[in-house]
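So the sequence lines, in the order shown, correspond to chains X and L. With our numbering, letter number 85 in the first sequence gets 410, and the count goes up by one each step, no holes. With our numbering, letter number 69 in the second sequence gets 79, and the count goes up by one each step, no holes.
Check the hints yourself; a few may be wrong.
Claimed, not checked - Straight line, CA to CA, 35 Å or less: simulated DSBU-like cross-link-like pairs of lysine-lysine:
#: 1; chain 1: X; residue 1: K361; chain 2: L; residue 2: K67
#: 2; chain 1: X; residue 1: K361; chain 2: L; residue 2: K23
#: 3; chain 1: X; residue 1: K425; chain 2: L; residue 2: K67
#: 4; chain 1: X; residue 1: K376; chain 2: L; residue 2: K67
#: 5; chain 1: X; residue 1: K395; chain 2: X; residue 2: K376
#: 6; chain 1: X; residue 1: K395; chain 2: L; residue 2: K67
#: 7; chain 1: X; residue 1: K425; chain 2: X; residue 2: K384
#: 8; chain 1: X; residue 1: K437; chain 2: X; residue 2: K384
#: 9; chain 1: L; residue 1: K23; chain 2: X; residue 2: K425
#: 10; chain 1: X; residue 1: K381; chain 2: L; residue 2: K67
#: 11; chain 1: L; residue 1: K23; chain 2: X; residue 2: K382
Claimed, not checked - Here are a few chain L residues that sit away from chain X, every Cβ distance over 10 Å (derived from the structure):
#: 12; residue: T17
#: 13; residue: G50
#: 14; residue: E62
Stated by the list, open to error - With the Cβ distance kept under 7 Å, some of the chain X side facing chain L (calculated, not the full set):
#: 15; residue: Y335
#: 16; residue: H367
#: 17; residue: P368
#: 18; residue: F370
#: 19; residue: K384
#: 20; residue: Q430
#: 21; residue: G431
Everything labelled a hint here was simulated from the structure, so no lab data went into it. Beta carbons are placed, not taken as given, at the ideal position from N, Cα and C, and that holds for glycine.
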Amino acid sequence: GQQVMQIPQYQHVQEGEDFTTYCNSSTTLSNIQWYKQRPGGHPVFLIQLVKSGEVKKQKRLTFQFGEAKKNSSLHITATQTTDVGTYFCAGLSEGSNTGKLIFGQGTTLQVKP
Amino acid sequence: KAGVTQTPRYLIKTRGQQVTLSCSPISGHRSVSWYQQTPGQGLQFLFEYFSETQRNKGNFPGRFSGRQFSNSRSEMNVSTLELGDSALYLCASSLGQGTEFTGELFFGEGSRLTVL
Numbered sequence: 326g327q328q329v330m331q332i333p334q335y336q337h338v339q340e341g342e343d344f345t346t347y348c349n350s351s352t353t354l355s356n357i358q359w360y361k362q363r364p365g366g367h368p369v370f371l372i373q374l375v376k377s378g379e380v381k382k383q384k385r386l387t388f389q390f391g392e393a394k395k396n397s398s399l400h401i402t403a404t405q406t407t408d409v410g411t412y413f414c415a416g417l418s419e420g421s422n423t424g425k426l427i428f429g430q431g432t433t434l435q436v437k438p
Numbered sequence: 011k012a013g014v015t016q017t018p019r020y021l022i023k024t025r026g027q028q029v030t031l032s033c034s035p036i037s038g039h040r041s042v043s044w045y046q047q048t049p050g051q052g053l054q055f056l057f058e059y060f061s062e063t064q065r066n067k068g069n070f071p072g073r074f075s076g077r078q079f080s081n082s083r084s085e086m087n088v089s090t091l092e093l094g095d096s097a098l099y100l101c102a103s104s105l106g107q108g109t110e111f112t113g114e115l116f117f118g119e120g121s122r123l124t125v126l
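Given the sequences, and given the hints that come with them, work out the whole structure.
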């Protein structure tokens, strides 16, 4: 079945350093979404990417969708303590029109002030 | 507009018992998905319902079941609980217009189940 792998599992950075998490799918995706879960909270939607090679920015966050639509990345520039949390990618297999969104294992980001 | 509501928020059960969790989606959302979250395993897809029909099912044993009512509220049931079922169970709703999955998932706060 479809699998979504995410690396690294954990990342500790000093405040101000950059951070990147990578997401790889075993199947071609129709779209990919990113979510953030703060400690003790629930996942909250960040963004959705649909087009091959798409790049979207949200302030210090940059999201990319690979040309083959099988991988994605989230890059945070100059991390802040408010960025702490677990970042999940979630993909919908190409050709699927139903809601089986498969999540990666997540990357937990710790930021040292 | 009210968010996704899950009840109960916390519960403790013993092995062999059964449990029912409830989820009220955002008004107007017709698709409800359930996920199991455990440390190190991320979010594991359980099932997804749309207009009272189960459209997708994950790789969980038959002890895990669910249903959706005409008002889009959903319940999931776990029978014959095992220690490994201890987890945070998250419900998420989305618009799910027509037969297509559309847009983002809105998650509830989750139901944290502990099995002793």
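To see whether the hints hold, each was checked on the structure:
no.	hint	result
1	K361(X) with K67(L)	24 Å, holds
2	K361(X) with K23(L)	30 Å, holds
3	K425(X) with K67(L)	8 Å, holds
4	K376(X) with K67(L)	27 Å, holds
5	K395(X) with K376(X)	11 Å, holds
6	K395(X) with K67(L)	22 Å, holds
7	K425(X) with K384(X)	29 Å, holds
8	K437(X) with K384(X)	21 Å, holds
9	K23(L) with K425(X)	29 Å, holds
10	K381(X) with K67(L)	31 Å, holds
11	K23(L) with K382(X)	45 Å, violated
12	T17	14 Å, holds
13	G50	7 Å, violated
14	E62	14 Å, holds
15	Y335	10 Å, violated
16	H367	4 Å, holds
17	P368	5 Å, holds
18	F370	4 Å, holds
19	K384	18 Å, violated
20	Q430	4 Å, holds
21	G431	5 Å, holds
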